[in-house]
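Please dock the two separately framed chains into a single complex, following the hints provided.
Those protein sequence lines, which keep their order, are chains A and B. The letter at position 23 of the first sequence is residue 23 when you use the working numbering, and the numbering goes up by one with no holes. In the working numbering, each number is its position in the second sequence, counted from 1, plus 594.
You can take every hint at face value.
Just some of the chain B residues that point at chain A, by a computed CB distance under 8 Å:
hint: 1; residue: ASP779
hint: 2; residue: ARG785
hint: 3; residue: LEU787
hint: 4; residue: ALA789
hint: 5; residue: PRO801
hint: 6; residue: THR885
Quick caveat, the hints were computed from the structure, so don't treat them as lab data. From the three backbone atoms N, C-alpha and C, an ideal C-beta is built for every residue, glycine too.
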Amino acid sequence: MTAEAVMPDVAQVTDGAETVLSVRGLHVAARGEGGPVPLVKGIGFDVRRGETLAIAGESGSGKSITSLSIMGLLPPPGVSVTGGEIRLGDQVLTGLSDAGLRRVRGNRIAMIFQEPMTSLNPVMTVGNQVIEAIRAHTPMSRKAAKAQALQALKAVRLSEPARRMVQYPHELSGGMRQRVMIAMALALKPEVLIADEPTTALDVTVQREVLELLRDLQRTQGTAILLITHDMGVVAEYADRVVIMRQGQVVEEGDTRRIFQAPREQYTRDLLASVPRMGTGGEAVARTTAPVVAELRDVQVRFDIRGGVLNRVTHRVHAVEGVSLDIRGGETFSLVGESGCGKSTIARAIVGLVPHEGLINVAGQRVGLMTAEARRRLSAATQIVFQDPMAALDPRMTVGEQIAEPLLIHGDGDAASRRARAGELMERVGLTTAQLDNYPHEFSGGQRQRICIARALALTPKLIIADESVSALDVSVQARVLDLLRTLKDEMGIAMLFISHDMAVVENISDRVAVMHLGQIVETGSRAQVFGDPRHPYTRRLMSAVPVPDPDHVRAAELRMTGDVPNPVHPVGAEVRRHHMVEVTPGHFVAGVM
Amino acid sequence: MSDVAVTPAAVRRPDGVWARLRRRKLALFGMAIVVLMVGSAILAPWIAPYDPFEQHFEGLSLYGEPLPPGGDFLLGTDLLGRDLLSRLLYGARTSLIIGVVANGIALVIGTLIGLVAGFFRGWIGSVLMRFTDLMMAFPALLLAICLAAIFQPSLWIVAFVIAMVNWVQTARVIYTETTALTERDFIAAERTLGASTPRIVFKHILPHLIPMIVVWGTLGISTTVLLEATLSYLGVGVQPPTPSWGNIIFENQTYFQSAPWLVFFPGAAIVVLALAFNLVGDALRDVLDPTLRGSN
Chain A
1 MTAEAVMPDV AQVTDGAETV LSVRGLHVAA RGEGGPVPLV KGIGFDVRRG ETLAIAGESG
61 SGKSITSLSI MGLLPPPGVS VTGGEIRLGD QVLTGLSDAG LRRVRGNRIA MIFQEPMTSL
121 NPVMTVGNQV IEAIRAHTPM SRKAAKAQAL QALKAVRLSE PARRMVQYPH ELSGGMRQRV
181 MIAMALALKP EVLIADEPTT ALDVTVQREV LELLRDLQRT QGTAILLITH DMGVVAEYAD
241 RVVIMRQGQV VEEGDTRRIF QAPREQYTRD LLASVPRMGT GGEAVARTTA PVVAELRDVQ
301 VRFDIRGGVL NRVTHRVHAV EGVSLDIRGG ETFSLVGESG CGKSTIARAI VGLVPHEGLI
361 NVAGQRVGLM TAEARRRLSA ATQIVFQDPM AALDPRMTVG EQIAEPLLIH GDGDAASRRA
421 RAGELMERVG LTTAQLDNYP HEFSGGQRQR ICIARALALT PKLIIADESV SALDVSVQAR
481 VLDLLRTLKD EMGIAMLFIS HDMAVVENIS DRVAVMHLGQ IVETGSRAQV FGDPRHPYTR
541 RLMSAVPVPD PDHVRAAELR MTGDVPNPVH PVGAEVRRHH MVEVTPGHFV AGVM
Chain B
595 MSDVAVTPAA VRRPDGVWAR LRRRKLALFG MAIVVLMVGS AILAPWIAPY DPFEQHFEGL
655 SLYGEPLPPG GDFLLGTDLL GRDLLSRLLY GARTSLIIGV VANGIALVIG TLIGLVAGFF
715 RGWIGSVLMR FTDLMMAFPA LLLAICLAAI FQPSLWIVAF VIAMVNWVQT ARVIYTETTA
775 LTERDFIAAE RTLGASTPRI VFKHILPHLI PMIVVWGTLG ISTTVLLEAT LSYLGVGVQP
835 PTPSWGNIIF ENQTYFQSAP WLVFFPGAAI VVLALAFNLV GDALRDVLDP TLRGSN
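This is chain B alone, in the form it adopts within the complex (with noise of 0.2 Å):
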């Protein structure tokens, strides 16, 4: 009945947070994802079997319609008789920036903003989120479309576009969290101590926000890849010929029951990518969370 004698944990040095990454089989397999992506978008040049852009005379069949896999086109070709598979590896540049960059972009606006919202509250907060609910009010593309037009439309700026219309969510996320956080009792006990308002913002509320920053940062992957894809489609994205895994669906959804590989391979590109982010970022959400500790 002592409460001294019970000693639950054995006294033991932390591992490193790499170390403790490294013992999880499926963050590592998601991890090695990451880099074959990262690698092949980076060496597309090299690797790449044809030019994404060249429409290859013997790449449509007699008939005019695009190969199917197999061949001399390793994945096929799409309806211009293009390479699938170097198209692939180049849009993988644009869409690694896309949903690395402009999710990542989102990802921390959405958590300042959520964050001092949530934090401050008063009339600092109401601001925000009232300029938070605008943003969602208003039709997403609408607004892409909006300032795609009034930008000269380029892979960066797209990027940018993307990132002012997806921290929205985030940051509403962010707000409630944030907002319930400030009311517990070690936050008080903070205050108590003495603690400037920064290093209770970033060193006692900010790593409690990892968990929903790492959930909302990997479900924006696929998101903002789908959004790129969709301005694209509508002339204000990546402007064609270049390619990204978004544009080249776009392209060929209408030949999809005929052609159904042009539509499949981007996808299931789109959806590994997302997968394996998603694999590292549970991964890395765990092994921050030091109440896990011990645990597998």
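Here chain A stands alone, though its shape is the one from the complex (with noise of 0.2 Å):
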């Protein structure tokens, strides 16, 4: 790193280190009916050699509009930049010609997405792309980009370099897939790497992973890391310096540091107030003695995977192996862990959308093959609530009707008793009669959430599962739809079901929790069990993995994961190996063997 002579317009204290990249009152508009719609308005920031610039917001708040202005990549012809300046060093960006931009993207700019399997190209190797990108910006042999391709993908510590070289996409990890994306856009060593979202599809424990390496790609180049997120806990581990963006305006810029320990905005203070946060677990709750709602006995879901000519099924995935587990009236009960533990699959079991083996019993009513009146009164005693609300919401119909719905196939009352019904439940999470009528695209992400509690509240369970029901939403919103849940939990005297991948919000929502892993649970109790006292390696590891929104906290030294992450999948015939549960305290069950 070398430290020149610091640019002059950049009135902030710097610390020696040149600007790279700085962005001059920024304006971005999109067309509209009535005129342009202003997305960005007027921003400005400066990101210099080797340190990791935050912008952080709740989603709508321009940050994303930000960094495809600078990449040149605003969705034509809608969204075009309308003021302002991006400088590159001491090259201007803005007003570059398509093919200006093209010789700076990539050599001198780089982004990776939120989504690596859709940034890849599916139907090439790995190898292939990457040596792609390398010879697309340098012109050299084939052989000598894919000596460097090799030496790129090394470097992102993957494992196996050489056999990923010849795999597709589908063949790796979403975890390896992100890794493959920064080594193509680390390969020509660009002066700004502009990372956005990159880490908010993955797993908690690669989520760090990804992060550290990319932090420390970072010291060994040099390179200005310019970080999109959502996560304040991200912000806080990684970045150096955070700009808090807010409906197209910065709201506060400054050292992380400074803006955790003193936010000057009250829109900064309220953001960091509704980040959930890790504890140890708080007081010891008295485990409820009311009667228990469901009743899960050794519940096993597998699917068929079929392959080779005749078509026959080959393999399994262990989707849910031998899990059983208590829900009783008016508690919450968690399960928590990563993508494809068998979490949500449970879910789905208990409401009937994927047959089991085992028993399962929710309110008297055993789950499986059922008439079409069983299948009915299931309905009434269990309600889901899915992770996406736009999705889970039919769009071609008012939301009145959606949330009568459930009261019409039941037949309860009348067109006239449903829809007060519905008005009445439309106020209960926060919402107004008046909106009955408008169609589900009308509401926004926090609002669609509350409408599908409104329907799932329609028949008045005595089970509502809430699929990552608010890992969707924004951190403000989240806090919010939380509370609503619990409230209505504690004044009905629903049970829930939560499920999620999130161990702080768990830690704040549950009275039980079990941590999931492979389809079997490794580790359940009361929250204080689970989180003062984490006896399962593996639940150490998702604890520990958790980005903790505190600047000064320090972490914990730990063995770095680069091999293949296990997985459910077992050759037909396969017996997998269950966990033995050794109650260590009361109501305080560990695996014994892993």
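Here's what the structure looks like:
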């Protein structure tokens, strides 16, 4: 890193490093019916060599639009830069021709996106894609490019890089794909790397590995990183400075430590306050003795994988393997684990969407091969709220009709009374009766999730299953929806099965917790027991991987995992070793063998 | 940052479908053409200037050539000296029945088969879709000829035959769309609410297929009208001398260079009919889509 002369027009205090990327008074607008709609309203910031600047904000704040305008990738013809200047070193990027921008993109600025699967070409091997990226910018022989590509894959700590070169993207896990994206981005040693929500689609343990990899590479190459994220935990741990954006404007900018310790603006304070934090489990709560609402005994769910010439079942995904648990009336039971651990499959099995083996009893109703009448009784007893509310609502039906629909299906009351009840439910979840005739697309994400909750409440069920119900929401909205769920549960005495990958959220809402790994429960107990005294190594690993929204937090050093993630696919007939649960303290069970 | 305070949509009662359709000029234009064509088909005996079957002596030139447009015969005459305008007006009856009825039946069959196969999949879906594949692999024209040979050719039999041949593409497209829809979360949500299968299929899946049905329906109009013409040409369609737009084209196509109007006018009629239905169909699709409500 060379400490050259500081650019004179930068007013901020610099630590001597030169400014690589500078944005001044950037305006971006989208073409709308009534004239242009401003998306970004005059923002400015500088990124210096070797530093990580985070742009944090909630959805709609314009953070991604900002990153796309730097890359010159705004979706034409609707959205365009309407003012301001973006400068890379001494080159002005705004107003540069497409050809000019192409020379800059990849060479001097590289970008990695949220979803590595969609950013990689599915019909090209990983190696060829990296080679192509290198040769597109630096003319060299294929052989030399191949050597450099292999080197790049090694640098991102991909296991068995030579084998990965000839594999296709779908053969790699999400974390490995993101490593490949990083390898492609960094192969040309760009001055600036824009990472737009690089780990949002990844599991928390993988997220940590990817972010640490980025940081290590940054240290060796001196790349400036512009990190776009909504996760304040990620900001606290990995950013040097942070720009908080809201509705296209910069709310606050400064040193990460300063922002977290002494936020100046109210919005920043609110944002930080709504970030769920991990503690030590809180006080022990006496175990409820209410009757059991849902009982699962030795539940098993397997999915067939067919293959070979005869299309026979060759392998099975052991999605859920021998899970037993009880949920009592009025309590919140959480299932937590990483993607693919089988937690959502359990939810779908309980409501009868996937067939299972073993016993599931909900409110005295055996789930399984059911008559239409039994199915209706089950749906009155248990309801599910899905992750993505837009997908879970029928876009061609008004929300009033949809909330009243369960009543109609179950033959409750007449049209007028159903509508009145739908209105009541709308108000119960914090919306208004007047919005009954609107369609789902006319609401915001948080409002839609409230509508889904209202629909789930219509039949006053005994158990509500919240399957990642707040994961797709902004933190501030998430906090409100969690509050709503909590009050509804307390007031109506409903039991809740809360399914999430987010340890911090789980700790905040649960009475009891079960940690799942590869289809089995590895640890279960009260919130205080699991979070205050985690016994299973996997639980500990999950907890330590959660980014802490505190820049002063010192993270314990940990072994890095670079190999293949173990998966629950087994050949037909293979027996999976079941965990033997040991009771360490009353009500706290831990798997004995791993 | 509140998710409650933001109310993107003002409270408003939705207008009816008709009211929204009326605001679209192109749709009105399309509807006017459709009404005009249907009207002239019905009123053909009263508005046609001549008998469509009569071979006029003065309808041919001294060398026995058909007359070009203008003069006594507004759109000219055909090879036998019959008035083209009268034949077009009477032909509209046949062609509209084929284009609307046959196409409509094909659409209904295709939608039902695709919907059922896509929703249930399993063995029902396999049987239905393999049957569809079979129909697709079988040359449509050959099938039509076979069917027409079995039944005594008449207008309604021709319509039925055309429907039997034309539902296949619709079924395939609807099948693909339905399988995708069935995987969506809101269908899973409906299942957990205890909704019955007919309810899910007709209230929650069918409305989403409307755009697709409209597109295939309007595309089918010109295909079916021309298929009828092909059948007539092969002698298994509407029997001459009964005119249809299709068979007017086929009767006269060999003289295309010397008497282009004989192909141009019926061809234009088919194009205008298909276009008119297209305009109405597109507008209907947008009007029936609540997610586009408010935008124009």
